[in-house]
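Whenever a hint applies, use it, and build me the whole structure from the sequences.
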Amino acid sequence: VCSLQPRPKKKPVTKKVAPAPLAVKKPVVKKVVNQLFEKRPKNFGIGQNVQPKRDLSRFVRWPKYIRVQRQKAVLQKRLKVPPPIHQFSQTLDKTTAVKLFKLLEKYRPESPLAKKQRLKKVAEAKAKGKDVEPKKKPSYVSAGTNTVTKLIEQKKAQLVVIAHDVDPLELVLFLPALCRKMGVPYCIVKGKARLGRLVRRKTCTTLALTTVDNNDKANFGKVLEAVKTNFNERHEEIRRHWGGGILGSKSLARIAKLERAKARELAQKQG
20 VCSLQPRPKK KPVTKKVAPA PLAVKKPVVK KVVNQLFEKR PKNFGIGQNV
70 QPKRDLSRFV RWPKYIRVQR QKAVLQKRLK VPPPIHQFSQ TLDKTTAVKL
120 FKLLEKYRPE SPLAKKQRLK KVAEAKAKGK DVEPKKKPSY VSAGTNTVTK
170 LIEQKKAQLV VIAHDVDPLE LVLFLPALCR KMGVPYCIVK GKARLGRLVR
220 RKTCTTLALT TVDNNDKANF GKVLEAVKTN FNERHEEIRR HWGGGILGSK
270 SLARIAKLER AKARELAQKQ G
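Quick note: to get the numbering used here, add 19 to the position in the sequence shown (first position is 1).
As a list, the in silico SDA-like pairs of lysine to any residue whose alpha-carbon atoms are at most 25 Å apart:
hint: 1; residue 1: K96; residue 2: R259
hint: 2; residue 1: K118; residue 2: K221
hint: 3; residue 1: K269; residue 2: V100
Distance ranges between label pairs, derived from CB positions:
hint: 4; residue 1: L75; residue 2: L55; range: 31 to 39 Å
hint: 5; residue 1: V69; residue 2: V36; range: 53 to 61 Å
hint: 6; residue 1: K113; residue 2: E278; range: 33 to 41 Å
hint: 7; residue 1: R253; residue 2: E278; range: 33 to 41 Å
If you're looking for bench data, these hints aren't it; they were derived computationally from the structure.
Fair warning: this is a prediction, and the values are worked out from it, not measured in the lab.
Where is the CB? At the ideal position from N, CA and C, for every residue including glycine.
So this is what it looks like as structure tokens:
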């Protein structure tokens with residue numbers, strides 16, 4: 020009589036894995052905990068510890084004048100800028116600018132205090148009955164758009180210096196063309212405030228140098244040569260060179276994506 024009982028299943032044979040070699044345990048150095056000082060971890064949850072300081076400049080509501088400045092800077096990069104305006108972004112190189120400002124420093128107009136002292140000395144001398152000979156008028160740098168324009172038209176200006184950041188730019192926009200027409204060397208330098216310091220004001224749009232002392236003629240000649248090659252003689256190149264038209268990162272990424280898609284289509288057609 021056959022038994023209807025199921026046969027017992029064989030146990031699967033499992034290979035024993037060799038035990039890992041005894042690892043040499045490094046001796047754990049216990050930190051000496053000072054019982055006087057307890058650990059008090061901070062909890063930065065709502066209503067708990069004061070949050071740490073973070074850079075929140077991205078979330079600041081900036082004043083309107085700052086927003087306008089930034090938007091203007093972006094617009095000037097994006098829009099195409101015509102050559103007469105774009106030329107104001109090409110300023111004199113640093114080495115020549117340093118030489119130029121060192122030279123102009125010698126021809127600063129006298130301060131109100133120095134003038135007062137000079138006139139006081141003359142008055143005292145006259146009061147004592149001395150004959151005061153009129154001194155030769157020292158040569159100073161001329162400042163201001165109207166004054167400089169007159170000097171250029173009369174061909175008295177030997178060098179014209181224009182600030183690159185005049186606002187509105189229309190105040191000095193015509194000066195480079197006028198200088199070229201009258202054959203007067205001109206240059207565009209960074210900073211109306213820098214020019215302003217020379218003439219003891221906050222800012223200054225333009226300066227003109229009419230006369231130079233004999234001691235400075237050699238240095239002045241070198242500066243003039245550099246200025247002419249960089250500005251006056253580059254008229255044709257400046258006239259053709261437009262500015263702006265620089266796209267933002269998102270626009271560049273979109274164009275690159277389209278170009279990749281076109282390249283893929285071409286590759287599929289050819290292959």
